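Taking the hints as your guide, dock the two standalone chains into a single complex.
Order-wise, the sequence lines are chains A and B.
Under the working numbering, think of the first position of the first sequence as 46, with each following residue one higher.
Under the working numbering, think of the first position of the second sequence as 204, with each following residue one higher.
Quick caveat, the hints were computed from the structure, so don't treat them as lab data.
This one's a predicted model, so the numbers in the text were calculated from it and none came from an experiment.
Beta carbons: idealized from backbone N, C-alpha and C, even for Gly.
Be careful, since some hints might not be right.
To be verified - Output of the computed footprint for chain B on chain A, the stretches with three or more beta carbons under 8 Å from beta carbons of chain B: (1) 82-89; (2) 132-138.
Said to hold, decoys possible - Capping the alpha-carbon separation at 16 Å, the derived lysine to aspartate or glutamate pairs in EDC-like fashion look like this: (3) Lys138(A) x Asp189(A); (4) Lys102(A) x Glu377(B); (5) Lys373(B) x Glu79(A); (6) Lys102(A) x Glu326(B); (7) Lys311(B) x Glu89(A); (8) Lys138(A) x Asp184(A); (9) Lys52(A) x Glu73(A); (10) Lys52(A) x Glu64(A); (11) Lys102(A) x Asp213(B); (12) Lys138(A) x Asp186(A); (13) Lys138(A) x Asp185(A); (14) Lys373(B) x Glu326(B); (15) Lys373(B) x Glu73(A); (16) Lys138(A) x Glu248(B); (17) Lys311(B) x Glu92(A); (18) Lys327(B) x Glu377(B); (19) Lys114(A) x Glu377(B).
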Amino acid sequence: MSEDPNKLRRQLERATAAEDSPDALDAETASLREGWLALGQLLEAAERESTEPFEWKRPPSRLRQNRWKLAGVAALAASLLIGLTVAWSLVRKSPPNGSTATPGEVTSPEEKESLPTPDLDEPKLAVDEPTLEDELDWDDDPLDRQLASVGEEIVRIQQDWDSVDNAFEPVWHGLEQMAEDIDGETL
Amino acid sequence: MTSRSRQTNDNQRFAEWGRQYGGAVRGYLLAMVRRVDVAEDLTQEVFCRAWRARRGYREQGNARAYLLRIADRLVCDHHRKSGREVNLDEESWKQVEPAGRVAEPPEKLVREEAGEQLAAAMEKLTAAQRRVLLLRYYGEMSFAEIAETMDCPVNTALSHCRRGLLTLRKILVENAP
Numbered sequence: 046m047s048e049d050p051n052k053l054r055r056q057l058e059r060a061t062a063a064e065d066s067p068d069a070l071d072a073e074t075a076s077l078r079e080g081w082l083a084l085g086q087l088l089e090a091a092e093r094e095s096t097e098p099f100e101w102k103r104p105p106s107r108l109r110q111n112r113w114k115l116a117g118v119a120a121l122a123a124s125l126l127i128g129l130t131v132a133w134s135l136v137r138k139s140p141p142n143g144s145t146a147t148p149g150e151v152t153s154p155e156e157k158e159s160l161p162t163p164d165l166d167e168p169k170l171a172v173d174e175p176t177l178e179d180e181l182d183w184d185d186d187p188l189d190r191q192l193a194s195v196g197e198e199i200v201r202i203q204q205d206w207d208s209v210d211n212a213f214e215p216v217w218h219g220l221e222q223m224a225e226d227i228d229g230e231t232l
Numbered sequence: 204m205t206s207r208s209r210q211t212n213d214n215q216r217f218a219e220w221g222r223q224y225g226g227a228v229r230g231y232l233l234a235m236v237r238r239v240d241v242a243e244d245l246t247q248e249v250f251c252r253a254w255r256a257r258r259g260y261r262e263q264g265n266a267r268a269y270l271l272r273i274a275d276r277l278v279c280d281h282h283r284k285s286g287r288e289v290n291l292d293e294e295s296w297k298q299v300e301p302a303g304r305v306a307e308p309p310e311k312l313v314r315e316e317a318g319e320q321l322a323a324a325m326e327k328l329t330a331a332q333r334r335v336l337l338l339r340y341y342g343e344m345s346f347a348e349i350a351e352t353m354d355c356p357v358n359t360a361l362s363h364c365r366r367g368l369l370t371l372r373k374i375l376v377e378n379a380p
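If we strip away everything but chain B, and leave its shape as in the complex, we get (with noise of 0.2 Å):
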């Protein structure tokens, strides 16, 4: 395969990937991070950094957790960075909406009320449990795959997990209006 037609493959499968699993990153950073422009920056941070690895990269057919694991270490740099675990003031939550962006008056109440019950179920979590949580949820990943994204032992994740859902279902359900 010549040098050329090697980079056009590449730009293919990374415009794929950018439709297919674009969303779920910027979901999850975005979760983790609760700030619109560091998601966005984040996200495209992830694509680079794929980008820039991806001769390293084996194709195994499970691209959604190697992209969310390569989040999954952008967001811990950006706290360890930020000099904070995560950005849990509710406010910041609150201005997850971008400035400018016009959206139809019900699907914006729906997104504020989504975006706040969000933000409070997501404070009540601990860092480790959203982590798992959000991996499970967006990257698809495997328990073992968690534990090895997050350096630790898959029991550790998995009680993670188990805490996580019984903590939401606590917030989410039984304290539900």
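Chain A extracted, bound-state conformation (with noise of 0.2 Å):
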């Protein structure tokens, strides 16, 4: 066995070299050779990469994979705030006490009982009564025009989405920069 370092360490340079020595080798650096030798037969038989050669997949930015996230973020925000804002505008329309029924109505037996008897002989008042044409006559423009505006803005969103995407690719690009030198530890 060598005892000498820097000889062992010359002995299995020429017994693992790539190419054989043109120098006849020593018995016991012959030998460490064909072991060398067996091995790499061995491993190149085993080998795969000569049926399917490795193809490098570049990582996709954590920032670009993110983006989804948050434009599913928004999308979500957007709908929360056309809900809200569509609740809102129905609980004030509709009346203070949260009641159905319109005002003077009757709707319990027991007060249609202590209500007089209309006198069907007594003139009427002149009373101008909701007519239908009345009832529909509510202003919802302004909820009209909020809906259709935050539907043209998403619709429009949606429709810009690659060219925002393209406008904001430098953004994406120096964050992802900076993200790398970060992981990098080059920073």
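Here's what the structure looks like:
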């Protein structure tokens, strides 16, 4: 067994060299070389790289991955905004006590009994009873305008997504570089 | 150099690394973990790690050793996480031929036989001997680089290499049918 570390290193370098040495090897080095060549042959035979070449796939940026999450959150926020706007508008237009009966309408039987019997001969007062047209004539223009505006905004954002994406490309790229620099501890 | 052109250069460099050293990295990982699917995943991970650390990489003409060093670290992590030193059972080595991959029968037989022989040979080596020999073979590293990668003295790496080679010779040459 070789005791000198330098001698051992030289011996192993020759034994495990990629190409055969032109000089004759001593018995021990030749023996080690045999083991090395046998390993090489075995690894070569068992290797699969010849059947399926390695193809490197560039990892997607984490920022780019999160971009879709951000878009999802934005869409969700927009939906919530629309929902809240609609709900708020409906609440504002409904009666304050929450009753569905129209003013003056009697709903319970007791109330009906306590009411005086209408005198058919008594001349009726001229009261402007609400017509169907009046009932439908509530002012929903502001709500319509809000809904239309939000809807148009969503459509515009969806349609312009690509151009927005391109416009933000340098920003994404810069952020990506920063993230990589931080990961790579080069900052 | 602008950021975009730098990125283009990085892309080209990594594509070249993939072509030149992808096979060696995968071969090393396959020989160490004995499972094609794990080796494939780890190979991609090696390149991903190298990609993320590319700003810190200094071109010294030894990209192969650089990638193999990352691969070695990943293998150590993999074994640590999976709670075993090395997956040594012969059955899993026999399964390295992925299902669905069609190979010509003689070629397949040769591979299977080589795989079994390799499994038997690797089983006789210690983990350290395997690392030294495979880093030398696939990484073409010097013994000083191997020692640095394994975080051990050079003499220890040399000793592992010598013993490993003697064991391999005994198994593969002396006891060859």
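Outcome of the hint check:
Look at the segment 82-89 of chain A against chain B: 5 of its residues bring a Cβ nearer than 8 Å to a Cβ of that chain, three or more, so the hint holds. For the segment 132-138 of chain A, the stated coverage by chain B is not satisfied: 0 residues place a CB nearer than 8 Å to a CB of that chain, which falls below the threshold of 3. Simply put, lysine 138(A) and aspartate 189(A) have alpha-carbon atoms about 14 Å apart, close enough for the 16 Å limit, and the pair holds. A C-alpha spacing of about 43 Å is found between lysine 102(A) and glutamate 377(B), which places the hinted pair above 16 Å, so the restraint is violated.
About 10 Å separates the Cα atoms of lysine 373(B) and glutamate 79(A), which keeps this hinted pair within 16 Å; it holds. For the proposed pair lysine 102(A) and glutamate 326(B), the alpha carbon gap of about 33 Å is over 16 Å, so the pair is violated. As the CA atoms of lysine 311(B) and glutamate 89(A) are separated by approximately 14 Å, the hinted pair is consistent with the 16 Å bound. With a CA separation close to 10 Å, the supplied pair lysine 138(A) and aspartate 184(A) stays within the 16 Å bound.
Pair hint lysine 52(A) plus glutamate 73(A) holds up; C-alpha atoms about 12 Å apart against a cutoff of 16 Å. For the suggested pair lysine 52(A) and glutamate 64(A), the alpha carbons sit about 20 Å apart, so the restraint of at most 16 Å is broken. With a C-alpha separation of about 13 Å, the suggested pair lysine 102(A) and aspartate 213(B) falls inside the 16 Å cut-off, and the hint holds. Distance check on the hinted pair: lysine 138(A) and aspartate 186(A) sit about 13 Å apart at the alpha-carbon level, within 16 Å; holds.
Distance check on the hinted pair: lysine 138(A) and aspartate 185(A) sit about 10 Å apart at the alpha-carbon level, within 16 Å; holds. The suggested pairing of lysine 373(B) with glutamate 326(B) holds, with an alpha-carbon distance near 13 Å, which does not exceed 16 Å. Pair hint lysine 373(B) plus glutamate 73(A) holds up; C-alpha atoms about 13 Å apart against a cutoff of 16 Å. Distance check on the hinted pair: lysine 138(A) and glutamate 248(B) sit about 60 Å apart at the alpha-carbon level, beyond 16 Å; violated.
The suggested pairing of lysine 311(B) with glutamate 92(A) holds, with an alpha-carbon distance near 11 Å, which does not exceed 16 Å. Proximity of lysine 327(B) to glutamate 377(B) is assessed by CA-CA distance (about 14 Å); at most 16 Å being required, the pair is judged to hold. For a cut-off of 16 Å, the pair hint linking lysine 114(A) to glutamate 377(B) is broken: about 62 Å separates their Cα positions.
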